[in-house]
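Protein sequence lines, in the order shown, are assigned to chains A and B. The opening position of the first sequence corresponds to residue 31 in my numbering, with each subsequent residue numbered one higher. The opening position of the second sequence corresponds to residue 312 in my numbering, with each subsequent residue numbered one higher.
Certain hints may be false.
Claimed, not checked - Derived BS3-like pairs (lysine-lysine); straight-line CA-CA distance at most 30 Å:
| id | chain 1 | residue 1 | chain 2 | residue 2 |
| --- | --- | --- | --- | --- |
| 1 | B | 372 | B | 314 |
| 2 | B | 339 | B | 314 |
| 3 | A | 79 | B | 372 |
| 4 | A | 410 | B | 339 |
| 5 | B | 342 | A | 322 |
| 6 | B | 342 | A | 304 |
| 7 | B | 330 | A | 443 |
As the list claims (entries may be wrong) - Sample of chain A residues facing chain B (criterion: CB under 10 Å; computed from the structure):
| id | residue |
| --- | --- |
| 8 | 262 |
| 9 | 349 |
| 10 | 410 |
| 11 | 449 |
| 12 | 499 |
Said to hold, decoys possible - Non-contacting residues of chain B with respect to chain A, defined by C-beta distances greater than 12 Å in every case (computed):
| id | residue |
| --- | --- |
| 13 | 364 |
| 14 | 384 |
| 15 | 385 |
The hints are simulated quantities; they were obtained by calculation from the structure and are not laboratory data. Glycine included, C-beta positions come from ideal geometry on N, C-alpha and C.
Okay, here's what each chain looks like letter by letter:
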Amino acid sequence: MSESIIQDIQHKLNNKEVSCVQLVQEKIDALNASTKNANNSILAESALKQAADFDKQLASGKQLSGLEGIPFGVKDVYLLKGTISTASSNILKNYKSPYTATAIQKLIDAGAIPVSKENCDQFGHGSTNENSIFGTTKNAFDDSKVAGGSSGGSAVNVAQKNTVFSIGGDTGGSIRQPAGYNNVFGFKPTYGRVSRYGLMAYTSSSDCVGPFAETVKDIATTLNVMSGKDGKDQTSVESTSIDVNAFSKDIPAGTKVGVYKTFINHPSLDPSIKKEFHVLIEKLKDSGVTVKELDFFDGDTLTATYYIIALAETASNLSRIDGIAYGNRAMDKDSLASTYLDTRSEGFSEESKRRIIAGNQVLSVGYSDEIYKKALTVRKGIEAKFVKDFNEVDFILSPTAPSLPPTIGQSLKDPLNMYLSDMYTVGFSLGGLPTLSAPFEVANNVQITAAKGKDEEILRFAYAIEQSL
Amino acid sequence: MDKLEQLSNIKAGDVNISKITDFFETIKNVKDIDTLGSEDHIVKSDNLREDVVINCDPEEKALILDNFPAKQGTYLVVPKVIQ
Numbered sequence: 031m032s033e034s035i036i037q038d039i040q041h042k043l044n045n046k047e048v049s050c051v052q053l054v055q056e057k058i059d060a061l062n063a064s065t066k067n068a069n070n071s072i073l074a075e076s077a078l079k080q081a082a083d084f085d086k087q088l089a090s091g092k093q094l095s096g097l098e099g100i101p102f103g104v105k106d107v108y109l110l111k112g113t114i115s116t117a118s119s120n121i122l123k124n125y126k127s128p129y130t131a132t133a134i135q136k137l138i139d140a141g142a143i144p145v146s147k148e149n150c151d152q153f154g155h156g157s158t159n160e161n162s163i164f165g166t167t168k169n170a171f172d173d174s175k176v177a178g179g180s181s182g183g184s185a186v187n188v189a190q191k192n193t194v195f196s197i198g199g200d201t202g203g204s205i206r207q208p209a210g211y212n213n214v215f216g217f218k219p220t221y222g223r224v225s226r227y228g229l230m231a232y233t234s235s236s237d238c239v240g241p242f243a244e245t246v247k248d249i250a251t252t253l254n255v256m257s258g259k260d261g262k263d264q265t266s267v268e269s270t271s272i273d274v275n276a277f278s279k280d281i282p283a284g285t286k287v288g289v290y291k292t293f294i295n296h297p298s299l300d301p302s303i304k305k306e307f308h309v310l311i312e313k314l315k316d317s318g319v320t321v322k323e324l325d326f327f328d329g330d331t332l333t334a335t336y337y338i339i340a341l342a343e344t345a346s347n348l349s350r351i352d353g354i355a356y357g358n359r360a361m362d363k364d365s366l367a368s369t370y371l372d373t374r375s376e377g378f379s380e381e382s383k384r385r386i387i388a389g390n391q392v393l394s395v396g397y398s399d400e401i402y403k404k405a406l407t408v409r410k411g412i413e414a415k416f417v418k419d420f421n422e423v424d425f426i427l428s429p430t431a432p433s434l435p436p437t438i439g440q441s442l443k444d445p446l447n448m449y450l451s452d453m454y455t456v457g458f459s460l461g462g463l464p465t466l467s468a469p470f471e472v473a474n475n476v477q478i479t480a481a482k483g484k485d486e487e488i489l490r491f492a493y494a495i496e497q498s499l
Numbered sequence: 312m313d314k315l316e317q318l319s320n321i322k323a324g325d326v327n328i329s330k331i332t333d334f335f336e337t338i339k340n341v342k343d344i345d346t347l348g349s350e351d352h353i354v355k356s357d358n359l360r361e362d363v364v365i366n367c368d369p370e371e372k373a374l375i376l377d378n379f380p381a382k383q384g385t386y387l388v389v390p391k392v393i394q
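Could you put the whole structure together from the sequences, leaning on the hints where they help?
Laid out in structure tokens, this is it:
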């Protein structure tokens, strides 16, 4: 396995083994031919035009660098100027982006070529990619199974090599879990490291922009480009660039890893995943890593805390979508009130309506103190526990999901089970921590988490595991 | 439910929220929360930009107008506010 698909492709472009137009055309053909339902729209015309420009530069003797000439996918919740950005919803199915999200613009400025707006759960509402007007995205390896979600299309495109990398969005596990279901790398950076400007908001206090890729180095390369303070997102922060060339194949001596007992001993954890996770832990011990078992909140508490906060925030965020200035409006209604009511009732899916209505309940009198504020206090408790834990260990390792990808249709019958399947990812989201979902040993990937701002440390550790195990 | 439908501007129809509101009981029952040492993960910044109008480029303006759901000639049509 190559250390960097991005570098390999650029090497071929610079050596004229393939032209950029040929490369992009191959990706577009593969995206069009894919039967996985991973793409809401394919950006053939603009992508081929950009590719032709790079071919001219190559013909004039220029060598490509950075992300120049690299085709990538964009989850359809990011604005990309002039393209239709639907959030996989009926209400925005004709919405044209008036501007481009900061993270996506930085990638384009670095020379990357967007080739697809990728299927996802509507407004990020789902963990299976079944909540989409474009239909269910199928798992990269099994058409009867879900791709995971909400960034299912992005994970499948990378797994099928139809994009070199893709940009997903992770609120409660929406990058890490589909990365696990499709066995690619998926990274949720520290909250604020990448600007959220131009990402359709789901839960603003947890929403993160992150990449899917086939190698750790490609995750680091794309993350470096997207990172940084943005005046258009007050929660964004400065960060230092990750030195990809300094990655070592050796696991640093003295590395300490924590494992949460409540995660490993949870009754819903599939025995095969548990066994594979233990095999990985034993291999790390053999490599000199110290492993410590830690106490933590139980999965039910984590899931409840996350969902209560997420419901409240999504009810607020989506209140702006009412069909007045944009979106599909229900026409010829008697009043403003009936226009709002019919527009939103026709425009949102059942799952999104459930979350908006329940979110308004969370925020209403009689519930806001007892439920919402209590959830915020529990979140503080979770954050405090992480601070203590990362005084004892460098990384926490955990499964990404308790079970293997469900069969298509199964979760629609039992949404509660779908919500509970997020139990291993949501805690790290509440803490704003960086977490990598990595295809090491475990069928659904393993999560590697570190303290806030330690994104580089995770990727260095993962690179060493990638090279040594 | 009527009040929630009003707050949400959504007709609930067959939407069942009971599965998700089960979480309310879980959170009520959480006890002994130790928040000592917690760090708010959201950076609070007072480094705000000047409160001035910045004109968007003509292409952006055209796209914003193009997204408007109803038009009559050069007028943008909004629902009737006063009966």
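Hint by hint, here is what the structure shows:
no.: 1; hint: B/372 / B/314; in the structure: violated, 38 Å
no.: 2; hint: B/339 / B/314; in the structure: holds, 23 Å
no.: 3; hint: A/79 / B/372; in the structure: holds, 24 Å
no.: 4; hint: A/410 / B/339; in the structure: holds, 15 Å
no.: 5; hint: B/342 / A/322; in the structure: holds, 26 Å
no.: 6; hint: B/342 / A/304; in the structure: holds, 29 Å
no.: 7; hint: B/330 / A/443; in the structure: holds, 11 Å
no.: 8; hint: 262; in the structure: holds, 9 Å
no.: 9; hint: 349; in the structure: holds, 8 Å
no.: 10; hint: 410; in the structure: holds, 4 Å
no.: 11; hint: 449; in the structure: holds, 7 Å
no.: 12; hint: 499; in the structure: violated, 31 Å
no.: 13; hint: 364; in the structure: holds, 15 Å
no.: 14; hint: 384; in the structure: holds, 17 Å
no.: 15; hint: 385; in the structure: holds, 16 Å
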